[in-house]
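K.L.:
Take 1 as the starting number for the sequence shown in our numbering and just add one per residue.
Hints may be right or wrong, so weigh each one.
Listed next, the in silico BS3-like pairs over lysine-lysine satisfying Cα-Cα at most 25 Å (straight line) [as the list claims (entries may be wrong)]:
#1 Lys-224 with Lys-324
#2 Lys-235 with Lys-143
#3 Lys-167 with Lys-53
#4 Lys-297 with Lys-324
#5 Lys-53 with Lys-96
#6 Lys-289 with Lys-324
#7 Lys-143 with Lys-167
#8 Lys-53 with Lys-28
#9 Lys-235 with Lys-324
#10 Lys-96 with Lys-167
#11 Lys-28 with Lys-167
#12 Lys-143 with Lys-224
Quick caveat, the hints were computed from the structure, so don't treat them as lab data.
Quantities reported herein were computed from a predicted structural model and do not represent experimental measurements.
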Amino acid sequence: MDGNSLEFTAIRGVQAGSSYYVIMVPLKVVPRLFKFDDEAMPAELRAQRVLNKARVPAIANYITGNSSEYILSSLCASIDGEIEFEPAATEGPLRKVGQLRIDMGATILINDGQHRRAAIEEAVRERPTLGDETISVVVFVDKGLTRSQQMFADLNIHAVRPTRSIKILYNHRDALSGLSREVVRSIPLLRDFTCYDGTSISNRSIKFFTLSSLHQATGELIGKSKSGTINADDKALSIAFWNAVIAQMPDWQRVGSREVSSFELRRDYIHAHGVAVLAIAKAGSQLIKAHPRDWAKRLAKLRTIDWARANRTLWDNRALVAGKVNKSKNNVTLVTNVIVRALGLPLSQEGQRVEDLYAPTGNAQLKAAS
């Protein structure tokens, strides 16, 4: 190879009988070094999916907003051109370490990590001091379009996104996630019967709640999203509210004392599902605003609601769609309306709108608000 080449310290490995290399690339070099398929090309002629431009700013903001602790997984690329690997030694462990020379005329195409590549470019543009930091790149020798497309499929076919509950459990930057974890830890029933690693609960599980549903519900209760600031009052209110709700839900208490299984309640009652947990929080938020002094006492009206799934007149097309519990936005609002009216409150403007449009005719009495 002549002098017109790029040179990187590399580690050589073998997969499927072919060599591949791991190199470290400065972030400021990433946009210039790695090309991305032209999105104007037909899909069948690309080795990669079209860039989702909406994802790029979020990743870039993550990098620049956490410059002292961000982490990026390796990029994966294919080299279409001449390469040469010179090992540091002819035998022993160092024979796998050496210098990788890549011809300047070679095309280096991203197989996996195009959003990270675009985000790195944006982040370095905003914060040039990041340019000297590095990202690892796994490099393969290009074997044509078909192989590149197969590489993309193989790299993504077994990828599984973490559940929302897991992300909440492990996210220590998001204040609302932290509050949700603290609330669950502070209340024995929630602590012992919350599923931390899934967004659904199997029939065999003793768990009754999911962390994701409690997280969403608590956010609705205090009126804050993941971007909001959480204070001590939010924590105190959240813990007090869920304790007060539990005190008015005898069936939930029976789960805690093991008198009834979680599965039995999920099978027979609406209140054992996330749609009800979220609706209780939404109605609770309205109750606290209307009656800030005695809201806990007024929660006793929760006992007047017939939560049984067998009460089809109330729950069909409100919490149940084709016999199955549904947690769509409209269904949450329709269930919230039942709770709001039981608590003696008028429906909100949005609640009334959804009630007028979607409520089953058998529930027309909910439309009378005062």
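K.L.:
Given the hint that Lys-224 pairs with Lys-324, test it: the Cα-Cα distance must not exceed 25 Å.
P.N.:
violated, 30 Å
K.L.:
For a C-alpha distance cap of 25 Å, please report whether Lys-53 and Lys-28 respect it.
P.N.:
holds, 20 Å
K.L.:
Are the Cα positions of Lys-297 and Lys-324 separated by 25 Å at most?
P.N.:
violated, 32 Å
K.L.:
Given the hinted pair Lys-289 and Lys-324, is their Cα-Cα distance within 25 Å?
P.N.:
violated, 32 Å
K.L.:
Are the Cα atoms of Lys-143 and Lys-167 separated by 25 Å or less?
P.N.:
violated, 37 Å
K.L.:
For the pair supplied as a hint, Lys-235 and Lys-324, confirm whether the alpha-carbon distance does not exceed 25 Å.
P.N.:
violated, 34 Å
K.L.:
Mind checking the alpha carbons of Lys-53 and Lys-96 for me, to see if they're no more than 25 Å apart?
P.N.:
Cα-Cα ~38 Å, so violated.
K.L.:
Take the C-alpha atoms of Lys-28 and Lys-167, compute the straight-line distance between them, and say whether it is at most 25 Å.
P.N.:
violated, 30 Å
K.L.:
Hint check: Lys-96 vs Lys-167, CA-CA at most 25 Å. Holds or violated?
P.N.:
Judged against 25 Å, a Cα distance of about 37 Å means the pair is violated.
K.L.:
What's the verdict on Lys-143 and Lys-224, does the C-alpha distance respect the 25 Å limit or exceed it?
P.N.:
violated, 51 Å
K.L.:
Given the hinted pair Lys-167 and Lys-53, is their alpha-carbon gap at most 25 Å?
P.N.:
It holds: about 23 Å lies between the C-alpha atoms, which stays within 25 Å.
K.L.:
When you check the alpha-carbon spacing of Lys-235 and Lys-143, does it fall within 25 Å?
P.N.:
violated, 57 Å
Of the numbered hints listed earlier, those contradicted by the structure are 1, 2, 4, 5, 6, 7, 9, 10, 11 and 12.
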